[in-house]
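The whole structure should be built from the sequences, with the hints applied where relevant.
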Amino acid sequence: MTFSELSESYLGDVDLLIVFPLSNDIQTFCIELAKQQRYASRMIVCVPEGDDGKLYCRIVRERYGIETVPLPRQKLLEGQQCRLGVDLVRHCANNLMRKVSATMREWRVQNTVVILIHGIRTRALWQGEVRESLQSAGLVAIPTNYKKFDVFRFLLPFKRTKQAPISRVEEDVRAVRRKFPGAHISILAHSFGTFIIGKLLGNPEHQFDRIALCGSVLPIDFDFASAEGRFSEIINEVGCRDIWPAVAARIGWGYGPTGSFGFNRGNFVHDRKHAEHGHSGFLNGLFCKEFWIPYFCDGAKSNAGDVGAEPSKLVCFVDNVPLPLAKLLFWGSLLFLFGWPLWIGAAWTYRALLH
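Take the sequence shown: its letters are residues 183 to 537, numbered as in my numbering.
Check the hints yourself; a few may be wrong.
[To be verified] Pairs of lysine-lysine residues, derived as DSSO-like cross-links and limited to a Cα-Cα distance of at most 30 Å, are as follows:
| hint | residue 1 | residue 2 |
| --- | --- | --- |
| 1 | Lys344 | Lys381 |
| 2 | Lys344 | Lys361 |
| 3 | Lys381 | Lys330 |
| 4 | Lys455 | Lys495 |
| 5 | Lys455 | Lys381 |
[As the list claims (entries may be wrong)] Ranges between beta-carbon positions, derived for each pair:
| hint | residue 1 | residue 2 | range |
| --- | --- | --- | --- |
| 6 | Ile208 | Trp289 | 32 to 42 Å |
| 7 | Cys498 | Asp197 | 29 to 39 Å |
| 8 | Phe450 | Gly364 | 21 to 31 Å |
| 9 | Trp289 | Lys483 | 17 to 27 Å |
| 10 | Trp289 | Phe450 | 20 to 30 Å |
In case anyone wonders, no lab produced these hints; they're calculated from the structure. Quick reminder that beta carbons are idealized off the backbone N, C-alpha and C, glycines included.
Here it is in structure tokens:
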């Protein structure tokens, strides 16, 4: 019987394999098993103490990543007390806990749905690449689409101009809940999508798991306290070269520069800075794989980004423009550029009436 036939016949369904390499044949057999990852991850090797054992222990542990337990052969032969049994039980328990954790993680990932919410002035083509990246990790990714939302409606102070995209996304969220009952619903929102998710957080109907924001235009003083309990955690990707949240905060109503500067409110949001990223620099598969997949799968935020990064000079300049002046300059310019035909028409009408 060949090695492969032997291993398949006797070890195919083994959850934990404890090997005592007390002879050259068994040592060779152990190395052959260790070369196959599916066996190596289940093995515990009890290596005899001594110089030869130390060398063999280094090989199986450092080259193949297998756990080893010292085997005090002389003490066992003499009937002396030793810790072999305790060490084996501890390693077996650790192995079992790792297996349970891996199973729970796999189950959780498969039951996590990430809803993608885009921003304004876009067809959200980035959603395809990001969706593929998320799904390659075992997550379910669902894009939303509220059509191409123009900057004029985005900036107007009237709530009704923004209600259509909010309602559209809310219906999509409800549809996802109906399709995936009991799933963990997470959110990845960009730009105006962060404003939309802010509105949904104000509705007690919605419960979310992990939320990732990028290019955020939510106000710095957003009322997270009232929404507490409707989300598990929020991470905010800050683009230090992202000028647009700062612009929106200066010339629009109800927005904040949180995508440019962060919230700086650690009780509710974890800000993660990125020195070279602009408004859409996050929206690609590479960034998703490096930052968002660990976050949505495990809640991991170990990749801290660029901790000491500061906003660019242009972002700071925009943020320092006095609020009334910024609004006056922007809306006054619009009125001048697009309103002069009305003024000329009114003047001609007035002149005609006088004559």
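Results for each hint:
This hinted pair checks out: Lys344 and Lys381 have alpha carbons roughly 11 Å apart, not beyond 30 Å. Restraint check for Lys344 and Lys361: satisfied, since their Cα atoms lie roughly 27 Å apart, inside the 30 Å limit. Pair hint Lys381 plus Lys330 holds up; C-alpha atoms about 19 Å apart against a cutoff of 30 Å. Distance restraint check for Lys455 and Lys495: the Cα-Cα separation of roughly 16 Å lies within the 30 Å cut-off, and the hinted pair is therefore satisfied.
Taking the CA atoms of Lys455 and Lys381, the gap is about 24 Å. The hint holds against a cut of 30 Å. A hinted range of 32 to 42 Å for the beta carbons of Ile208 and Trp289 is consistent with their spacing of about 37 Å. One distance hint, 29 to 39 Å for the beta-carbon pair Cys498 and Asp197, is violated here, with the actual separation near 58 Å. The hint said 21 to 31 Å for the Cβ distance between Phe450 and Gly364, and at roughly 26 Å that hint holds.
In this structure, Trp289 and Lys483 meet the distance hint of 17 to 27 Å, their C-beta atoms being roughly 22 Å apart. As the Cβ distance of Trp289 to Phe450 is approximately 28 Å, the hint placing it in 20 to 30 Å holds.
In summary, the structure is inconsistent with hint 7 from the numbered list given earlier, while agreeing with all the others.
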